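Taken in order, these protein sequences are the chains called R and G.
Numbering-wise, the working numbering puts 306 at position 306 of the first sequence, and it's gapless, one number per residue.
Each number in the working numbering corresponds to the 1-based position in the second sequence with 392 added.
Hints listed in this document are in silico derivations from the structure and should not be mistaken for laboratory results.
It cannot be assumed that every hint is accurate.
[Said to hold, decoys possible] Calculated lysine to any residue pairs in the SDA-like style (CA-CA distance at most 20 Å, straight line): (1) R:249 - G:493; (2) G:424 - G:469; (3) R:249 - G:456; (4) R:90 - R:80; (5) R:244 - G:477; (6) R:249 - R:300; (7) G:424 - R:244; (8) R:249 - G:494; (9) G:424 - R:335; (10) R:85 - R:150; (11) R:90 - R:147; (12) R:249 - G:458.
[Claimed, not checked] Restraint ranges, calculated between C-beta atoms of paired labels, are given here: (13) G:462 - R:347: 47 to 55 Å; (14) G:417 - R:366: 38 to 46 Å; (15) G:471 - R:284: 36 to 44 Å; (16) R:143 - G:477: 32 to 40 Å.
All values reported here derive from a predicted model rather than from experimental measurement.
Each residue gets a CB set at the ideal place from its N, CA and C atoms; glycine is no exception.
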Amino acid sequence: MIRSLILPAATALLLSACAQAPLRGSGDLGLVVERASGSVQIVETSHGQALARLDGLGDLSHASAVFSRDQRYAYVFGRDGGLTKIDLLKQRIDKRLIQGGNSIGGAISQDGTLIAVSNYVPGGVKVFDAATLELVADIPATLLADGNKRSRVVGLVDAPGQRFVFSLFDSGEIWSADFSQGNTPQITRYSNIGKQPYDALITADGRYYMAGLFGEDGMAQLDLWHPERGVKRVLGDYGRGEAKLPVYKMPHLEGWALANNQAFVPAVGRHQVLVMDARNWQQTAAIAVAGQPVFVTARPDGRQLWVNFAYPDNDRVQVIDSESHQVIADLKPGPAVLHMEFTGRGDQLWLSVRDADQVQVWDPYSLKRLTRLPAAAPSGIFFSSRAQQMGY
Amino acid sequence: MNTCNGVVSLAALLLCVPVFAAPDAQRQAQLKHLLAQDCGACHGLYLTGGLGPELTPKTLAGKPRDSLIATVRLGRPGSAMPAWQALLSSEDIGWLVDHLLQGAPIP
Numbered sequence: 001m002i003r004s005l006i007l008p009a010a011t012a013l014l015l016s017a018c019a020q021a022p023l024r025g026s027g028d029l030g031l032v033v034e035r036a037s038g039s040v041q042i043v044e045t046s047h048g049q050a051l052a053r054l055d056g057l058g059d060l061s062h063a064s065a066v067f068s069r070d071q072r073y074a075y076v077f078g079r080d081g082g083l084t085k086i087d088l089l090k091q092r093i094d095k096r097l098i099q100g101g102n103s104i105g106g107a108i109s110q111d112g113t114l115i116a117v118s119n120y121v122p123g124g125v126k127v128f129d130a131a132t133l134e135l136v137a138d139i140p141a142t143l144l145a146d147g148n149k150r151s152r153v154v155g156l157v158d159a160p161g162q163r164f165v166f167s168l169f170d171s172g173e174i175w176s177a178d179f180s181q182g183n184t185p186q187i188t189r190y191s192n193i194g195k196q197p198y199d200a201l202i203t204a205d206g207r208y209y210m211a212g213l214f215g216e217d218g219m220a221q222l223d224l225w226h227p228e229r230g231v232k233r234v235l236g237d238y239g240r241g242e243a244k245l246p247v248y249k250m251p252h253l254e255g256w257a258l259a260n261n262q263a264f265v266p267a268v269g270r271h272q273v274l275v276m277d278a279r280n281w282q283q284t285a286a287i288a289v290a291g292q293p294v295f296v297t298a299r300p301d302g303r304q305l306w307v308n309f310a311y312p313d314n315d316r317v318q319v320i321d322s323e324s325h326q327v328i329a330d331l332k333p334g335p336a337v338l339h340m341e342f343t344g345r346g347d348q349l350w351l352s353v354r355d356a357d358q359v360q361v362w363d364p365y366s367l368k369r370l371t372r373l374p375a376a377a378p379s380g381i382f383f384s385s386r387a388q389q390m391g392y
Numbered sequence: 393m394n395t396c397n398g399v400v401s402l403a404a405l406l407l408c409v410p411v412f413a414a415p416d417a418q419r420q421a422q423l424k425h426l427l428a429q430d431c432g433a434c435h436g437l438y439l440t441g442g443l444g445p446e447l448t449p450k451t452l453a454g455k456p457r458d459s460l461i462a463t464v465r466l467g468r469p470g471s472a473m474p475a476w477q478a479l480l481s482s483e484d485i486g487w488l489v490d491h492l493l494q495g496a497p498i499p
């Protein structure tokens with residue numbers, strides 16, 4: 001009797017399992033942006049393979065992605081103002097909208113319910129419900145002197161206490177938008193923070209927000225434990241009086257490196273990686289490298305840093321020892337290395353080689369290439385492990 | 393010694409020849425790639441703007457060719473636009489500017 005019940009139940013279970021993809025998690029998934037074709041690939045790091053390609057994401061110049069806290073969804077921010085929510089498990093676009101004219105990146109709130117996007121046109125930040133992508137708040141940036149345009153917004157990050165912090169490129173400001181009291185944010189504005197903040201970072205504990213300045217030397221730093229102390233300048237004296245080299249691609253501060261109580265950031269207009277003591281933010285060294293650094297990315301254990309470069313040195317990657325500050329490897333992965341992403345625990349480094357139409361997987365300990373995956377002019381690589389990291 | 397000098401000046405002469413010629417097909421392909429990918433990093437893949445301004449024929453209309461060439465060659469102090477003269481020849485820059493003015497096709 002019992003047996004005759006179990007058998008059909010088991011058969012039904014088996015049948016339903018056949019009809020669907022087998023159950024899997026999403027902690028080892030990621031996205032590779034294929035910039036020129038408006039597509040992304042869903043990749044998987046446990047076996048180093050691509051699972052699917054999704055098309056129709058629009059202009060993906062400078063596209064980036066953040067992940068829902070359950071690591072099921074990715075939110076992709078495109079240059080054309082497109083905001084696309086991707087279901088990594090069903091391998092399809094869940095929702096998509098054009099929220100602005102020209103945008104540069106986004107962030108997800110501490111509690112995972114809000115998605116913020118920073119826009120060049122119209123200059124400002126828009127905040128959306130992470131589930132529905134309905135508009136929750138619109139934060140226009142400072143109106144510029146011409147009376148038409150608003151300042152472009154860069155360096156948008158999430159911060160503890162349900163805040164978003166961002167920088168205004170044209171008006172030289174840092175703003176904090178606090179959503180802890182509901183969907184009408186409380187905005188705090190810091191002005192005269194320095195000329196042309198071009199990108200920003202937040203420390204892993206969410207304490208220090210630091211905007212790199214393009215229009216002058218140094219970085220603007222806001223201590224979020226003590227916002228009442230205002231914005232301070234760090235690295236203000238480096239390279240003073242020296243002529244800058246041309247910068248053919250803006251450095252990025254995302255993925256910046258904190259290792260061994262030192263912070264490593266790309267210099268602007270100098271072929272150097274700058275080192276600061278992360279306790280007092282004084283500069284301690286400048287490491288000579290092969291070109292204008294774009295990303296300075298620490299292996300998660302902090303022992304080594306991987307650095308890529310702006311055109312025309314973008315075929316090289318240098319590896320720096322964070323303790324000795326020596327360049328320990330000079331790699332040539334291929335033409336136009338645009339981005340590097342470590343797996344959460346740092347056993348693999350993935351890098352995109354745009355002009356070779358491939359993504360490469362490296363062992364960052366043996367410094368050996370493990371595999372190559374075909375991808376159409378790949379740019380950004382984003383792993384779902386970012387879901388649990390502040391500032392990502 | 394004289395022969396050596398002769399060779400050098402002949403080489404210099406040969407090097408001078410392309411100065412008056414447009415970039416060849418291969419170079420044009422490289423320049424198109426540079427425009428879409430590297431200029432596009434700031435100006436957008438479709439040249440609709442970003443950190444750098446929009447570079448569509450509509451927005452460039454009425455701007456003197458010479459001043460556009462000067463901007464590419466020397467950059468724009470006070471902005472993020474670098475000087476490209478160390479990497480691109482005058483012919484490259486002239487061709488790029490004409491390409492932009494005529495409307496660079498969307499990749």
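Now for the hints, and whether the structure bears them out:
1. R:249 - G:493: 23 Å, violated
2. G:424 - G:469: With a Cα-Cα distance of about 25 Å, the restraint between residue 424 of chain G and residue 469 of chain G is violated, given a limit of 20 Å.
3. R:249 - G:456: 26 Å, violated
4. R:90 - R:80: 25 Å, violated
5. R:244 - G:477: 15 Å, holds
6. R:249 - R:300: 25 Å, violated
7. G:424 - R:244: 27 Å, violated
8. R:249 - G:494: Since the Cα atoms of residue 249 of chain R and residue 494 of chain G sit roughly 25 Å apart, the hinted pair is violated (cutoff 20 Å).
9. G:424 - R:335: 16 Å, holds
10. R:85 - R:150: The given pair, whose Cα atoms are some 27 Å apart, is violated under the 20 Å limit.
11. R:90 - R:147: The hint is violated at about 46 Å.
12. R:249 - G:458: Not satisfied, since the Cα-Cα distance of roughly 24 Å exceeds 20 Å.
13. G:462 - R:347: 47 to 55 Å: Given range 47 to 55 Å: holds, Cβ gap about 50 Å.
14. G:417 - R:366: 38 to 46 Å: Holds, at about 43 Å.
15. G:471 - R:284: 36 to 44 Å: Given about 31 Å between the Cβ atoms, the range is violated.
16. R:143 - G:477: 32 to 40 Å: At 36 Å between Cβs, range holds.
When held up to the earlier numbered hints, the structure conflicts with 1, 2, 3, 4, 6, 7, 8, 10, 11, 12 and 15 and fits the remainder.
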